Amino acid sequence: MKFDMINLEEQDKKALDTISLLERREFLKIGLTITGALAGGSILSLVSIVDKAFASPKEFAAQYPYKPHYSMLIYQNRCIGCERCMEGCVKTNHVPSYGYRTMILEREVPKSDEQKREFIPVLCNQCNRPPCVMGCPTKATYKDEKSGIVMMNYKKCIGCKTCITACPYNARYYNDERRSVDKCNFCFDTRLSLGHNTTACSEACPANVRVFGDLSDPQNEVYRMIHQVSKTVWVLRPETGAMPNIFYTRG
Amino acid sequence: MAEELTKASEATAEVKVLMGWQSIVNRLSSVGKTFYIWLAICGLVVVAAAAAGIHAMSIGYSHAYNVTREIPWGILISTYVFFVVTSTGLCLVSAIGHVFGVKDFMPIAKRAVFLSILTIVAGFVVIFFEIENPLRMALYNVISPNLTSNIWWMGTLYGAYLFFMTLEFIFLQIEKHKFAMYSGFMGVISGIAAHSNLGAVFGMLHGREFWYGPYMPIYFIASAMMSGCAAIIFFTYLAYKINGEKMDKPMERAVEVTSKVGVLLICTVIFFTAWKIITGFVGAPAKREAFMALLTGQYALNFWGLEVIVGMVAPLVLYLLSRGKNIKMLFAGSALMIFGIFFMRYDLVVVGQIVPVFYELGVNEYATLLSYTPSVHEILIVLGGMGLVGVTFLLGEKIFTGHKVEEHEHAVEPLHLAIEESKEAETAS
Numbered sequence: 001m002k003f004d005m006i007n008l009e010e011q012d013k014k015a016l017d018t019i020s021l022l023e024r025r026e027f028l029k030i031g032l033t034i035t036g037a038l039a040g041g042s043i044l045s046l047v048s049i050v051d052k053a054f055a056s057p058k059e060f061a062a063q064y065p066y067k068p069h070y071s072m073l074i075y076q077n078r079c080i081g082c083e084r085c086m087e088g089c090v091k092t093n094h095v096p097s098y099g100y101r102t103m104i105l106e107r108e109v110p111k112s113d114e115q116k117r118e119f120i121p122v123l124c125n126q127c128n129r130p131p132c133v134m135g136c137p138t139k140a141t142y143k144d145e146k147s148g149i150v151m152m153n154y155k156k157c158i159g160c161k162t163c164i165t166a167c168p169y170n171a172r173y174y175n176d177e178r179r180s181v182d183k184c185n186f187c188f189d190t191r192l193s194l195g196h197n198t199t200a201c202s203e204a205c206p207a208n209v210r211v212f213g214d215l216s217d218p219q220n221e222v223y224r225m226i227h228q229v230s231k232t233v234w235v236l237r238p239e240t241g242a243m244p245n246i247f248y249t250r251g
Numbered sequence: 001m002a003e004e005l006t007k008a009s010e011a012t013a014e015v016k017v018l019m020g021w022q023s024i025v026n027r028l029s030s031v032g033k034t035f036y037i038w039l040a041i042c043g044l045v046v047v048a049a050a051a052a053g054i055h056a057m058s059i060g061y062s063h064a065y066n067v068t069r070e071i072p073w074g075i076l077i078s079t080y081v082f083f084v085v086t087s088t089g090l091c092l093v094s095a096i097g098h099v100f101g102v103k104d105f106m107p108i109a110k111r112a113v114f115l116s117i118l119t120i121v122a123g124f125v126v127i128f129f130e131i132e133n134p135l136r137m138a139l140y141n142v143i144s145p146n147l148t149s150n151i152w153w154m155g156t157l158y159g160a161y162l163f164f165m166t167l168e169f170i171f172l173q174i175e176k177h178k179f180a181m182y183s184g185f186m187g188v189i190s191g192i193a194a195h196s197n198l199g200a201v202f203g204m205l206h207g208r209e210f211w212y213g214p215y216m217p218i219y220f221i222a223s224a225m226m227s228g229c230a231a232i233i234f235f236t237y238l239a240y241k242i243n244g245e246k247m248d249k250p251m252e253r254a255v256e257v258t259s260k261v262g263v264l265l266i267c268t269v270i271f272f273t274a275w276k277i278i279t280g281f282v283g284a285p286a287k288r289e290a291f292m293a294l295l296t297g298q299y300a301l302n303f304w305g306l307e308v309i310v311g312m313v314a315p316l317v318l319y320l321l322s323r324g325k326n327i328k329m330l331f332a333g334s335a336l337m338i339f340g341i342f343f344m345r346y347d348l349v350v351v352g353q354i355v356p357v358f359y360e361l362g363v364n365e366y367a368t369l370l371s372y373t374p375s376v377h378e379i380l381i382v383l384g385g386m387g388l389v390g391v392t393f394l395l396g397e398k399i400f401t402g403h404k405v406e407e408h409e410h411a412v413e414p415l416h417l418a419i420e421e422s423k424e425a426e427t428a429s
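These protein sequences, in sequence, are chains A and B. Per our numbering, the first sequence starts with residue 1, numbered consecutively. Per our numbering, the second sequence starts with residue 1, numbered consecutively.
The set of hints was computed from the structure by calculation and includes no laboratory data. These numbers come from a predicted model, not from an experiment. Careful, some of the hints might be misleading.
[As the list claims (entries may be wrong)] Once the Cα atoms are required to be at most 30 Å apart in a straight line, the calculated DSSO-like pairs of lysine-lysine come out as:
hint : chain 1 : residue 1 : chain 2 : residue 2
1    : B       : K176      : B       : K287
2    : B       : K260      : B       : K241
3    : B       : K328      : A       : K111
4    : A       : K67       : A       : K111
5    : A       : K143      : B       : K287
6    : B       : K287      : B       : K33
7    : B       : K249      : B       : K328
8    : B       : K287      : B       : K423
9    : A       : K116      : B       : K287
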């Protein structure tokens, strides 16, 4: 959504009654957009309630079908784009040079008063309603019943690439060596199942951007951050209805 | 005595088979030069495509094809769609006659059934070179089916479709018309189910705005029938050229009614396309970008030139001007339509992916629309699929003597009468 910028310096000089209807409208729109984004960000965090503060508690009743319900909270403004998470991932999961399981995107905001640029780490969102799992003809990719991680059974992959097309987060690539599509599985085979309690990317991050956690545990940082109203928490592309488990916030 | 008799009958059977082969050889050797030239051209294209496909396999598809992580489906997928759309259309249009009993359509049926088999096989061959692990597909489609996957249903139902269409063709050859009709009916059901599932492969990707929604399966069926009409008229005209014959009255009438169905279907698809475009302008900005790429952007020539003018408007005008009688005009219209429809499929598949999934995030990496140009390997395989249809069509005309329909076959009982009859027989017994 784009709005024409209101020149605030000029506004000072104007008397209240000279503000045109159009300007009032524009201003209201901006206000509504901000409110909408905040409310939307929280409401559309999909897997969660944000307490019972919302109109229809039933609709947003806490439903974490997995135990542990792995998820990740990303402090977007902390990311400095050093890409050590990507290195850690490549090393741990033997990701080839032509592919990636996680990525840092860069957004420039030249008109911003302060920081002009920010980084957005992206990875598989381990969706609760994963379009990739729905589309796979041979169950080569599936939602793990215990942990909720979207996993790959490499030997069943026929390489039709429906899952790559289906993914709203560009989280999948075809791995020639494995002869299969490959994706992030929260380091399940390489770390979690070996007793580590966090992912390689999360461990490698020097700025504590990626907090790996468990949504089924009320003591967990991720749980606590998602169940509060003072800070906005959002997910990427909520409109697809995939119900992602990667949350973003600032702070 | 009995032994002697069986021996004798075996001998006659052998003689018959030999004579059958002999007559096929005779027919093939008695054709003109042009036939052989076309056969050779199509054959060479198939050989080149096979070489390209095998080479691509050996160096790895990721090196041979221009598809990427962001645009994983390219021209091979769209060509597969093109072939199976045509096949389903041939099946549906021909079924109006010999399954549902509309007499006027009957003369085109045999050739249409044959062509529907050729085109679906060509589609399968093309997608064989697209799927990374086709052998795993054969195994895990059976032992690990995912019933929520449209691509699973599509593949499985198209398997059934090929089976029924082949069965129907065999029954038509051995003149078991009732069985042919029943298998044709099953072919129609599995064809519609399979084809709408192919539409749903796109329509149910809820992360892809351009495709998502109930439109795709419905549109696919309508555009299949449009393609079917074009293919029937195109190939029937060519067949009569090859065989050096003049169409008889029933055949002329069949072409005429097919062209009328064609007019209806072109109008339907124009209607569908118009609303798809108009609704594309509301909703998510990313979707709008895709439609802008079609209307004014990098795919505008494909859309306005090939899809709209070559694929729909020009054929519609030619079909109308011909009044269903001027066969040359109908042929030209059909050829244009088939050509345009090929690009319709291409645009449908590629434009659905050119908007990056993170476009609206406003990040540097995905600030612009993506692009895709097919590689030489991909283009050769596509041409190979067409060559394959060409070779088998040409040989089919000679082997099955122009798919002639005998006079008594025109009187084959339509399905509803047959069902009534069998019910009556049941109540009587």
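Verification of the supplied hints:
1. Distance restraint check for K176 (chain B) and K287 (chain B): the Cα-Cα separation of roughly 51 Å exceeds the 30 Å cut-off, and the hinted pair is therefore not satisfied.
2. Restraint check for K260 (chain B) and K241 (chain B): satisfied, since their Cα atoms lie roughly 22 Å apart, inside the 30 Å limit.
3. A threshold of 30 Å between alpha carbons decides the hint, and for K328 (chain B) with K111 (chain A) the separation of about 63 Å lies outside it, so the pair is violated.
4. A hinted pair counts as satisfied when its Cα atoms are at most 30 Å apart, and K67 (chain A) with K111 (chain A) does not qualify at roughly 44 Å.
5. Between K143 (chain A) and K287 (chain B) the CA atoms are separated by roughly 29 Å; this keeps the pair inside 30 Å, and the hint holds.
6. Straight-line distance between C-alpha atoms of K287 (chain B) and K33 (chain B) comes to about 52 Å, which puts the hinted pair past the 30 Å bound.
7. At most 30 Å may separate the alpha-carbon atoms for a hinted pair to count; K249 (chain B) and K328 (chain B) meet this at roughly 16 Å.
8. Taking the CA atoms of K287 (chain B) and K423 (chain B), the gap is about 53 Å. The hint is violated against a cut of 30 Å.
9. Between K116 (chain A) and K287 (chain B) the CA atoms are separated by roughly 28 Å; this keeps the pair inside 30 Å, and the hint holds.
Checked against the numbered hints given earlier, this structure breaks hints 1, 3, 4, 6 and 8; the rest are met.
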